[in-house]
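Undergrad: Chains as they are written, first to last, in this note's numbering: chain S, 1 to 355; chain C, 1001 to 1566.
None of these hints come from the bench; they were simulated from the model. Ideal Cβ positions, reconstructed from N, Cα and C, are used throughout, including at glycine. Keep in mind that the hints are not guaranteed to be accurate.
To spell it out: a stretch of chain C is covered by chain S in this simulated footprint if at least three of its residues, at any positions, have a beta carbon under 8 angstroms from a beta carbon of chain S; those stretches are [as the list claims (entries may be wrong)]:
| # | segment |
| --- | --- |
| 1 | 1002–1016 |
| 2 | 1020–1029 |
| 3 | 1032–1040 |
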Amino acid sequence: MIKKYKDFDWVLLGAASAIFIAGLLFLFSAIYSKNIDFIIRQISWFLIGALFFIVIINVNYRKIISLGYVFYFFSIILLLLVIFFGSKRLGAQRWLELGYFNLQPSEFAKLFITLALIQYLTERKAEKGIKNIAAAFFIMILPFVLILAQPDLGTALMLVPVFFTLLYIWGAKLRHLFFMIISGLLASPLAWFLLKDYQKDRLMVFMNPDIDPLGAGYTIIQSRIAIGSGGVFGKGWLIGTQNQLNFLTERHTDFIFSVAGEEWGFAGGVILIILYYVLVRRAIEIARKTDDPCGVLVACGMAAIIGIQAVVNISMTMGFMPVVGLPLPLVSYGGSSLLVTMIALGLLESIAIHR
Amino acid sequence: MRVKILQIFFTILFFLTGAWLYYLQIIKGPFYSDLSFRNSIRLLNISAPRGNIYDRSGKLIAGNTLSFGVFIVPQETDDIDAEMEKLSGILGVSKSLLERNYKRNKTASFAPCELIRGVSKKAAILMKESRLDMPGVLIKEIPFRNYYYKEAFSHVVGYIGEIGPLELELLKPYGYNIKDMIGKDGIERFCDRILRGKNGGMQVQVDNRGREVKVMSYRKPRSGKDVYLTLDTGLQKLVYNLFDGRKGAAIFMDPNNGEIFSLVSSPSYDPGGSLADAMRSKELPLLNRAIMGVYPPGSVFKLVTSMAALETKSIRPDTGFVCAGKLNIGKDEFSCWNKDGHGYVDLEKAIAWSCNVYFYHAGLLTGAERITEYANMSGLGRKTGIELFGESSGFVPSKEWKRQEKKQTWYPGDTANLSIGQGDLMVTPLQIAAVVASIANGGFLVRPHVLKPAGGAGLTNLNMEELKVAKENIGSIRRGMRKVIENLDGTGNRAASDIVSISAKTGTVQVGPGIIPHGWFVGFAPSVNPKICFAVFLENGGSGGDAPLDIAKSALEYWFGRHKND
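Construct the complete structure from the given sequences, taking the supplied hints into account.
TA: Set out below in structure tokens:
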């Protein structure tokens, strides 16, 4: 038993736990004097996530990958359910109501599609031609469109870097990757017409938040003021004026880093960034230590899912990237995201243990 | 290898994120701190209660009463249009008025915007009760300037209004701010810096919707100081009412120190009401005729002519002339108002009868220069220096002036006209009151004033200038003025009163053929040791011995009836 866990990555778990606990503090401040329910739910989701985590580390990750297509099929069904029965919030149809909990299938889809891609790529490890890349592309594009239709631009866009990371690690020829990137860039003006108006606004506002200071630009301006005014050590827990006086919107979900930045300052913010970096770094470490190509793909895929989300989310609250609705892993309020991140962590530990 | 590159890629990505955080929080930290502070901190002005204005005996003339105002916070309302509709129903005012005020007063979406003020208590309570249905609607108590006697005091007290852009530019160094209420005229304007006090302020922390979270700091407003006037409320009200809307002005003043008991200009306006109507009116109610209106003094000027003639020894009190109803000077014929002539006239009779021919003779003997000189000495042609804005200087013509400005020669006829107060000579009623005061007090030019000095006593002689005139000459004129009333054929005989002895001079100014003349009635009472002097002027009011006399007599009888025991 003990031998079995000798390769368990405690640093990875430690960093993740530290982020989650700090996240609870941020969340408590963000919903301070409002509904304590959020904390209870977040902890409930954490316990469910812990259960999954424990189960997964005890299962060989290869078994899970071999079920990739099943997960894929399952996530397509969920996404279709959202389209027909989903509940609308903030102008987007993203959630399935399941009694006490709401499920955000796009979060699960993000993970499951990655698993399906890994299964496909692992099965085709001998032939790395354009045909396989095209097939992988089609595996991704169907759920991508379904997620985009909700609309959930952030999650949909998250699939793109994960997709490329997997192809790159898998060993796709660089010219094939460049070809895809270039044709993607050329096609992007067309995508403009597919964007919803509010998404166009957000992009315009990213370029210049002052064009609409009370509308779409408000969130980003206030968020930047909050973080900037945090200074070196922050204004202190529970006493950030931008946060407590309601200037920040969506601060318990996508913009929770604004709360962290305002109340904990550069000191707190940079520690959080370092913790994420440690997490990603350990994930890549796990990839480097394993000989199994499938394990490498899973580890790098999970590193990309967590790392890119963290960077994009933090950058967006600082006005460094356009606002796309993406949660901060382990910190933003939201069960689906938390659960998915913990499953990803479980997979990483499973690779560490079962190499 | 590729895994290694992925690791480097993430290292760079996280490093950039950290670097951007450093830029935002450390380099731009102070900038965003300031923005964050301004985001949540509002400076609110707390207006200081304006000082009261009292009359000479401490009766309140202008003060503050609380009134209710209805405000709306734009960002807290869901449907402004529907709420205005509702408010219009409750308040009984048109919705378009509310909308107009909203457009005019709106500053920021978090700031309460005044929709209407002066709401009745009943409506205010009704609104407070139904406030739950109207988010963003506030009822606030706002100080409201109350002028207790409405039109009667407006030309002395003035009124207040929101500071204008020009005034703001001028007064900014003195601590005036946008939207301040400032005195626009009268004592409200003259004493604005005393009356206004010092506004207080609050630093309030607000949330994102502008709602107060807590008060960070508070500076108490310092109330304005009160101001006491020399006016007597009873007399002021009475005189104003005696004018009954007719155009004119009246001053009642203590001749011994220049304290004005009553200064009326008619028609008047309600300083608490809408001034827009007053501004449009053809009757010019905003014009303070007592100090701004310039008119020919007519026969009233004969008092000055007499002084000049006596002082220059051009005539003696017993010098006599024969009035045949007219006098030929050069080629022109100058008439007396009495076509039949007054016969043999001395100075006292000339004043009593207001004989033009006598003063033509006296004036010609004295000469225009000396008359001009004495007119100037008596304070004509310059401002009296009363504490009110817009005072006119009037005008005293002279030979010099006619030659230089009009390029004309001064003829003896001009001297004759000047002698009886006609021609280019222009005076304000207040100047005439001062001239009369100098006769009443035995030769002192007082500075008329309406402000009571804070100290009170001991300032009697402060604003007086002794004129270089012989007491006996003043005596002669005073005897003449007494006869105006006393003699049965005196021009002011109708003013003879059982209550008080009056000395006076009438004046009737012809303003053109077929137009009712202006009338003057000026003088003092009692005839011995005068306690009050006066000048009453009615524009197109007919002969001075008619309507103006009636006003003066009623006022004096009221005054001395009340002060019998003094």
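Undergrad: Hint by hint, say whether it matches the structure.
TA: Structure-based check of each hint:
Chain S is given as covering the segment 1002–1016 of chain C, and this holds because 9 residues of the stretch bring a CB closer than 8 angstroms to a CB of that chain, at least three being needed. Coverage of the segment 1020–1029 of chain C by chain S holds [criterion: at least 3 residues with CB-CB distance below 8 angstroms; count 8]. Restraint check on the segment 1032–1040 of chain C versus chain S: 7 residues with Cβ-Cβ distances below 8 angstroms, three needed, restraint holds.
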